[in-house]
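Chemist: Sequence:
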Amino acid sequence: MVLGVNFVSVLPSRSIDADSNGRQQDQELSIIDGIASWCESLSGQIPLIEGLRQVLGALDGAAICLTRVQENSSRIGTSMIVDTETSQKRGHRLERSFASIVLGPYCLKPKPGTPWFSSMLDGEVDPALRDFQRRRGLQELVVIPLEIKGKTVDFLEIHFEQRLDGNQFALLNLAAATFVRTWGRRATGLFSEYILSPLKTKRDKLSELPLLSVENPARLSRCEYRVCLMLSRGYSVQAIEEEFGISRTTSRTHLRNIYAKTGCSSLAELTFRLMDKTKPGISGFDAEARVV
Numbered sequence: 001m002v003l004g005v006n007f008v009s010v011l012p013s014r015s016i017d018a019d020s021n022g023r024q025q026d027q028e029l030s031i032i033d034g035i036a037s038w039c040e041s042l043s044g045q046i047p048l049i050e051g052l053r054q055v056l057g058a059l060d061g062a063a064i065c066l067t068r069v070q071e072n073s074s075r076i077g078t079s080m081i082v083d084t085e086t087s088q089k090r091g092h093r094l095e096r097s098f099a100s101i102v103l104g105p106y107c108l109k110p111k112p113g114t115p116w117f118s119s120m121l122d123g124e125v126d127p128a129l130r131d132f133q134r135r136r137g138l139q140e141l142v143v144i145p146l147e148i149k150g151k152t153v154d155f156l157e158i159h160f161e162q163r164l165d166g167n168q169f170a171l172l173n174l175a176a177a178t179f180v181r182t183w184g185r186r187a188t189g190l191f192s193e194y195i196l197s198p199l200k201t202k203r204d205k206l207s208e209l210p211l212l213s214v215e216n217p218a219r220l221s222r223c224e225y226r227v228c229l230m231l232s233r234g235y236s237v238q239a240i241e242e243e244f245g246i247s248r249t250t251s252r253t254h255l256r257n258i259y260a261k262t263g264c265s266s267l268a269e270l271t272f273r274l275m276d277k278t279k280p281g282i283s284g285f286d287a288e289a290r291v292v
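Each step along the sequence shown adds one to the number in full-length UniProt numbering, with nothing skipped, and position 205 is 205.
Each hint should be verified, as a subset may be incorrect.
Quick list of in silico lysine-lysine cross-link-like pairs, DSS-like style, CA-CA up to 27 Å [as the list claims (entries may be wrong)]:
| no. | residue 1 | residue 2 |
| --- | --- | --- |
| 1 | K149 | K89 |
| 2 | K151 | K111 |
| 3 | K149 | K109 |
| 4 | K149 | K111 |
Please keep in mind that the hints were generated in silico from the structure rather than gathered at the bench.
Just need the whole structure built from these sequences, with the hints factored in.
Modeler: In structure tokens form, the structure reads like this:
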């Protein structure tokens, strides 16, 4: 298992209870998938930006930011960002870290693995964060300190449209420890390479391949691949649910994960990409053999 992580350990013990709520189980399974992808990205199996994108989808967040803040420099830091926002309006897309705002004087000396929540800040929220959340309709920002090394601090920041419910709160607290532990075991120079060589100058060749090609560029799971295959053949979401005997909640979870892995923001965009990029002659059976 990548980086030696026991993914089941990030879940509350109640997750194995047969009477657990369906939505709660979906959240827990989704986080397991997200952490698995995060670990793959930290070991270099997939691009780090893809690991972030899949964590964002697993957490059902609006934007995610991996930031390095250095002492004696700008507290905003250098960030790798994934944002679900498609609007090009000024100030609508996430363009910076807000870790220094949420942590305040503790920004350079936080306890790794302890989440900080913008909704729990005392006093008035900094105008920069307040205005950004207002423009985007966001209600929560969770900042997880990952590592303090020398004069630098690394953070994981996740923006949410809604306040976290009790189960999400518990899961995120448990997952935070895993994020920290695995970040400490990441491949040497993983984030430094991004800082020194801007991501926009790099193009992952796999991203140019059809989603349903045998290379499986988006790292779709077997279930996710089958959903995409059905969509590419013109099936509606309801028809897919009936074909596979899955609930609406489960299909939404699959689609949310697919959006995160493919970078698509909607069903229409995903369907267009599947229809446009799928090459004739690619056998679903042959491709499925390579699905992870």
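Chemist: Each hint should be assessed against the structure and marked as holding or not.
Modeler: To see whether the hints hold, each was checked on the structure:
1. K149 with K89: Answer violated: K149 to K89 is near 37 Å, above 27 Å.
2. K151 with K111: Holds. K151 to K111 sits at ~15 Å (cutoff 27 Å).
3. K149 with K109: Holds. K149 to K109 sits at ~10 Å (cutoff 27 Å).
4. K149 with K111: holds (12 Å)
Violation of the numbered hints given earlier is confined to hint 1; every other hint is satisfied by the structure.
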